[in-house]
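Residue strings, one per chain:
2 protein chains.
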Amino acid sequence: MHFTSERRLDDGVLEREFTLGEIPGILWTPGSASSSAPAPLILIGHPGGLHRMRPRLAARARHSAADGFAAATIELPGSGDRPRSAAAEQARADLHRALEAGEPVGEEIVDRLVLPLVDKAVPEWRTALDALLSLPEIDGPVGYSGGVISIGVRLAVVEPRISAAVLFAGSFVPRTIVEEARQVTIPLHVLLQWDDEGNDRQAALDLFDAFGAKEKTLHANMGGHTGVPQFAGDAAAQFFTRHLS
Amino acid sequence: MHFTSERRLDDGVLEREFTLGEIPGILWTPGSASSSAPAPLILIGHPGGLHRMRPRLAARARHSAADGFAAATIELPGSGDRPRSAAAEQARADLHRALEAGEPVGEEIVDRLVLPLVDKAVPEWRTALDALLSLPEIDGPVGYSGGVISIGVRLAVVEPRISAAVLFAGSFVPRTIVEEARQVTIPLHVLLQWDDEGNDRQAALDLFDAFGAKEKTLHANMGGHTGVPQFAGDAAAQFFTRHLS
Chain Z
126 MHFTSERRLD DGVLEREFTL GEIPGILWTP GSASSSAPAP LILIGHPGGL HRMRPRLAAR
186 ARHSAADGFA AATIELPGSG DRPRSAAAEQ ARADLHRALE AGEPVGEEIV DRLVLPLVDK
246 AVPEWRTALD ALLSLPEIDG PVGYSGGVIS IGVRLAVVEP RISAAVLFAG SFVPRTIVEE
306 ARQVTIPLHV LLQWDDEGND RQAALDLFDA FGAKEKTLHA NMGGHTGVPQ FAGDAAAQFF
366 TRHLS
Chain R
126 MHFTSERRLD DGVLEREFTL GEIPGILWTP GSASSSAPAP LILIGHPGGL HRMRPRLAAR
186 ARHSAADGFA AATIELPGSG DRPRSAAAEQ ARADLHRALE AGEPVGEEIV DRLVLPLVDK
246 AVPEWRTALD ALLSLPEIDG PVGYSGGVIS IGVRLAVVEP RISAAVLFAG SFVPRTIVEE
306 ARQVTIPLHV LLQWDDEGND RQAALDLFDA FGAKEKTLHA NMGGHTGVPQ FAGDAAAQFF
366 TRHLS
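Chains Z and R, in that order, give the protein sequences. For what it's worth, my numbering labels the leading residue of the first sequence as 126, then goes sequentially. For what it's worth, my numbering labels the leading residue of the second sequence as 126, then goes sequentially.
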């Protein structure tokens with residue numbers, strides 16, 4: 126892990142860009158972190174494209190920092206400045222073709238699009254976690270928040286250091302990931318935008334039903350794909366405060 | 126409205142029993158109410174049987190009082206000490222017979238059970254609201270919380286003084302009430318116990334979908350029929366604080 130830039134934001138949060146091999150990432154630590162106890166960490170997921178997503182990611186990170194948490198994210202394979210995969214690009218083109226034609230999106234396309242991404246991304250997030258937890262300013266329980274829900278599911282199953290997760294329903298989920306969801310036992314807080322037209326609501330409900338966790342909560346709200354109400358973001362933050370503090 | 130008893134609880138809340146004609150009820154006002162501004166009111170719904178439900182109703186009322194709200198409830202028609210309706214008793218017996226036989230509960234039984242209850246209860250709650258809002262210690266916006274969801278739906282449609290509602294999914298809902306739900310435009314916070322075996326989950330989701338409100342939130346949790354987690358109760362209280370304060 127190699128820090129490449131550092132700046133102090135107006136709320137005192139320290140924002141550092143880093144690279145982890147070829148993977149770019151960003152770490153935000155609370156303003157008080159250098160002088161106080163190490164902070165628990167929230168891994169901030171996203172759909173890919175750090176530059177494009179950065180304002181929203183930074184806003185989530187600063188919200189977390191205000192609650193006393195460090196936050197970090199890394200670029201996804203095949204997104205942003207990272208090399209494209211021809212197979213993933215083909216799967217994405219096939220998906221868009223099906224959507225534009227108004228056809229149902231076949232499981233085969235979803236599998237080709239999502240499963241290789243999960244297989245590649247999850248070990249990267251675990252490697253990032255190794256590096257982040259070696260920093261003196263980070264310690265304690267780890268949460269995972271948002272992004273491609275299939276990555277969140279796999280991480281929750283295979284990574285024992287993650288002790289709570291906020292997941293965003295709304296992307297296509299392969300059937301095998303729904304099966305994996307039955308093995309998830311950490312507390313979950315799932316956000317669903319009820320009126321998100323690009324979202325298969327029934328698939329999201331089926332995935333929520335599959336989770337094996339004893340504490341799982343679904344918060345469904347209005348506002349469209351990107352219109353998560355502020356009170357819903359606040360509720361997700363309260364979930365992390367309950368489980369990571 | 127005639128007060129029949131009065132006692133001060135250990136948290137300073139004033140608990141008063143009253144009758145409204147033949148209907149018994151209970152009013153809780155915050156400890157500071159006599160010395161400060163009038164409190165907004167939360168009407169506390171329940172499935173019927175004030176005596177049996179009293180500990181849980183009092184706990185909800187005291188939570189509301191701690192947030193600065195008065196809270197009140199009245200007995201439902203045909204419950205507690207109020208006269209039984211032969212037709213309602215017959216419908217309830219038919220319902221139980223269907224459930225015990227493992228048969229699907231026909232719409233005709235649900236209509237016979239719920240619609241006369243809604244038709245009779247809703248005007249009573251509105252009369253109670255008239256009386257409660259005439260008290261000097263109560264003023265401002267009114268919320269409705271819980272109980273038989275069909276009563277909450279009808280109240281939200283016909284009673285303009287109710288400006289926000291927390292509804293508990295889980296009881297049988299006639300099709301005509303689902304149609305009425307499309308006319309509900311006040312902010313809604315709907316609680317659903319996901320693993321409530323006595324609950325028709327799909328019917329609850331269909332009802333949530335039908336609501337015409339721009340701000341509607343569904344919180345689904347684990348814990349069985351009566352096992353609403355404390356954090357879910359806290360979230361419902363925050364909803365009222367956002368909308369009634």
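Everything labelled a hint here was simulated from the structure, so no lab data went into it. Be careful, since some hints might not be right.
Said to hold, decoys possible - Cβ-Cβ distance ranges computed for the label pairs, FRET-style: (1) Gly323/Z <-> Arg251/R: 17 to 27 Å; (2) Pro180/R <-> Thr301/Z: 26 to 36 Å; (3) Pro208/R <-> Gly227/Z: 26 to 36 Å; (4) Gln363/Z <-> Lys339/R: 22 to 32 Å; (5) Arg286/R <-> Gln363/Z: 26 to 36 Å; (6) Val230/Z <-> Arg141/R: 30 to 40 Å.
Backbone N, C-alpha and C fix where the C-beta goes; we use that ideal spot for every residue, glycine too.
Here is how each hint holds up against the structure:
1. Evaluation of the 17 to 27 Å hint for Gly323/Z and Arg251/R yields a failure: the beta carbon distance comes to about 42 Å.
2. Taking the beta carbon of each, Pro180/R and Thr301/Z are about 47 Å apart, not inside 26 to 36 Å as hinted.
3. Between Pro208/R and Gly227/Z the Cβ separation comes to about 58 Å, which falls outside the hinted range of 26 to 36 Å.
4. For the pair Gln363/Z and Lys339/R, the beta carbons lie near 23 Å from each other, so the given range of 22 to 32 Å is met.
5. Distance hint check for Arg286/R and Gln363/Z: the Cβ-Cβ separation is about 31 Å, which falls inside the suggested range of 26 to 36 Å.
6. For the pair Val230/Z and Arg141/R, the supplied restraint of 30 to 40 Å is violated, since their beta-carbon distance comes to about 60 Å.
The structure does not agree with the numbered hints 1, 2, 3, 6 stated previously, though it agrees with the rest.
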